[in-house]
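Undergrad: Let the hints inform the model, and build the full structure from the sequences given.
Residues per chain are reported as follows:
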Amino acid sequence: MTTPTSTKPDTRPAAAAAPGRSAPRRWAPGAGVLVAVALLMFVPAATDSFYTFVATRMLLLGLLATAFNAVFGFGGMSSLGHAAFFGIGGYAVGIGVTRWDWSPGTVLAAALAAGALAGAVFGLACLRVRGIYLLLLTLALAQALFGLAFYQTEWTGGDNGIPNIPRDGLPAAVREGDGYYRLTLVVVVLCVALLWMYQRSPLGMSVVGTRESESRMSAAGYRPGALRTVAFAVSGAFSAVAGVLEVYLQGSVSTASMSWQISADVLVYAILGGARHFFGPFLGAVAVTGLEVWVSTYTDRWMTVLGVVYVVTALFLADGVLGRAASLLRLARTKSGAGSGTSAEART
Amino acid sequence: MRTSLRLAAVASAAVLVLAACGGKDPASGKGGGPQQNAAGNGAKGTVTVGLLNPVTGPFAALGTDVNAGFELYLKSKGGVLSGYGVKTSKADEGTDAAQGTTKARQLVEQDKAQVVVGLVNSAIAYAVAPYLEQADVPLLVTVAGADGLTRKQNGNTFRLSYTSSQDSMPLGPYACKDLGYKKAVILGLDYSFGWEAAGGFARTFKDAGCTVTKEIYAPLGTQDWGPYVNQVDKDADVVFAVAPGQDGVRLLKAYRDFGVKVPVIAHGSTVDETILPTEGASAEGVVSSLHYTPQIDSPANKELVKAFSDANGGKSANQYAEEGWAAGMALEAALAQIDADPTPAKIRAALAKVKIDAPRGPVLFDAYGQAIYPVYMRKVESKDGKRVNSVVSTVPNVTQFFTYDPQAYLAFPGYDKLKGSWAK
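Chains A and B are the protein sequences, given in the same order. According to the numbering used here, the first sequence is numbered sequentially starting from 1. According to the numbering used here, the second sequence is numbered sequentially starting from 349.
A few of these clues could be false.
Quick look at which bits of chain A chain B covers, simulated, 3 or more residues with Cβ under 8 Å [as the list claims (entries may be wrong)]: (1) 65 to 73; (2) 144 to 155; (3) 211 to 219; (4) 256 to 262; (5) 299 to 305.
Beyond 12 Å from chain A on every Cβ pair, some chain B residues (computed) [said to hold, decoys possible]: (6) Trp-543; (7) Asp-583; (8) Gly-709; (9) Leu-712; (10) Asp-753.
Worth flagging that the hints you see were computed from the coordinates, not collected in a lab. We put the CB at the ideal spot given by N, CA and C, even for glycine.
TA: Given below as structure tokens:
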């Protein structure tokens, strides 16, 4: 897997596109994203209130998955502790709003700071572990935070959680249903754009470098430990934002927002969508959430169906949906004799 | 070779999917369609009921029994309650608040449920109740026990099941005065339900003039209860145990294995019919308090016990099935007050005035929407080769405040804050 640097691999148009026009192709992805966001603005108008609610959750879980991938796909660290950051964002809303009447701006700032701090702590604690040990250590840290939330009932309400969190601080136009969806869309697009910029920045690139080879990076003068910690901090901060959006949407927060199942879910999103691709985890989150709602409408055994989907993914789509799509694209191009270019827009 | 392996995997996956879709509830008709049950022919029209109970996760058995109780009652009335054909729309409450609220919204916004019945997990109930309040759809809680769910007057949340402390409060004076136990040790599970149930007992036990000497709490899902059972004072008169589900099974087993001789009294959920057969001899002689036991001798209860046993291959009815059944009765009584067009607002108003003779006995709602009902002191005994909870005493009309003044009771600090202070 080559990682993009300043010298991009030669990008060739897909078989369907007109060959030999590189300038429009460079702008095409950006324009495509803009059009997609504009279209997403009209989701509430096109569907009913329930699907708008589901779409809101898809967006915020997509953000969580994208933030997670800064550590997982691009950092090469399989964390099983991201529920902690999600929960921290959630409790920032729950505790901040019900105790101190924090405005959404304050909540967001607090969540970003707390998420980044927790991420840095996770990163530092995991400096010397790799692979399965990192997975277990992040799980243990997240479970420690879960335990804290479970037993500090004075602050968190324990397993019953904090109910009835008001949205009063939000402007009236974006407080309910459709408006809240649009607010979520704006926040998620902003955060994902920031993550995109981070990932393509020299900093983000050097994190990818440590994933590929730590020894080479340190020989080149980089400090892999610091880079890994930064990756965790960035990931933690944006995961916390997803938690904030979730709790404002639900109006309540409980230890369920911190349970390890969320960490496992987000791992599945990333793998299913394609962890080596920037938008893979987002796609995975949307697909799994949608599938969950859709299948559980028809059968009580929806978990079995999802389990089968995961098994099939692991068997046939080891590189996720986007990974498969990219390789099919390559195959098509090779067959049409257009050369063996790799599609650049599908990866950072 | 690789290809054939993959083909085999796909084939088995396909079989699993088919099996999963085939696992639909037979009551909801042919497999594959939405989980809706067509309405019977009612003279006055139809009403849509959203059944929101867990059918996956750790509470699946409870949710399934509640659903079965409700549907059995509906079936016994031919699908028509008080002249209204009832269309049920079932959804899976799942294991976390996000899924619970998603399904609640689907029931209300897409299936147009006029009343939602169910909820087992209190955290999910806390998340769903405010949404239904805002959507103006009445909620009839059938299991979730958190005390705080029914603390607001004239809300649209009604609860047929217990608040966590409601059923253990009558046990305090009974143990202190009638059974003559003076010093009690509390042995319970370390989470909200455990603290509330233990707190209810401790409060009334102490107010009756007896003392709590120690509180021992073990985490949810404790495998080895030995270290906790060992902490029980040997000179205590009685141990009050609260551990529903498999924790209760393991607690009692450890208790007997370690040879602790102090008698056990319990919150009824520790020895209910869902786990009593597994507990077997270790539950013998345990006195517990609960609003239901299949041993209640009344025609209404006999009807439920028979219907449930017939439909479930001889399985004993339990409080969860009774709660689902009673929800059907409460809805019937509410609909009887409505002449036409049962809007959610009309159902809410009617539910507040409901009085029913449920299998457990007479039930009505207080101003906070919480059921007032009789609580039974039960003792585990062997009967016809099976262990059952025989009724030894009945406390009628138990409210969520027991004998306390509601205002005074509501001013008490929460049981989560009082945990650990009862022995002082």
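Undergrad: Beyond 12 Å on every Cβ pair: is that true for B/Trp-543 relative to chain A?
TA: At roughly 8 Å from the nearest Cβ of chain A, B/Trp-543 sits no farther out than 12 Å, so the non-interface label is violated.
Undergrad: Taking the closest pair, is the beta carbon of B/Asp-583 still more than 12 Å from chain A?
TA: holds (30 Å)
Undergrad: Are all C-beta atoms of chain A more than 12 Å from that of B/Leu-712?
TA: holds (26 Å)
Undergrad: Residue count check for the region 65 to 73 of chain A against chain B: does it reach three with CB-CB under 8 Å?
TA: violated (count 0)
Undergrad: Three residues minimum, CB to CB under 8 Å: does the region 211 to 219 of chain A make the cut for coverage by chain B? Let me know.
TA: violated (count 0)
Undergrad: Count the residues of the region 256 to 262 of chain A whose Cβ falls closer than 8 Å to any Cβ of chain B, and tell me whether that reaches three.
TA: holds (count 4)
Undergrad: Verify this label for me: B/Gly-709 is non-interface relative to chain A, using a Cβ-Cβ cutoff of 12 Å.
TA: holds (29 Å)
Undergrad: Minimum C-beta separation from B/Asp-753 to chain A exceeding 12 Å: can you confirm that?
TA: Given a closest Cβ separation of 25 Å, the condition holds.
Undergrad: Examine the region 144 to 155 of chain A: at least three residues should have C-beta closer than 8 Å to a C-beta of chain B.
TA: holds (count 4)
Undergrad: For the region 299 to 305 of chain A, do at least 3 residues have a Cβ located nearer than 8 Å to some Cβ of chain B?
TA: As far as the region 299 to 305 of chain A goes, the hint holds, because 7 residues have Cβ atoms under 8 Å from chain B.
The structure is inconsistent with the numbered hints 1, 3 and 6, although it conforms to all the rest.
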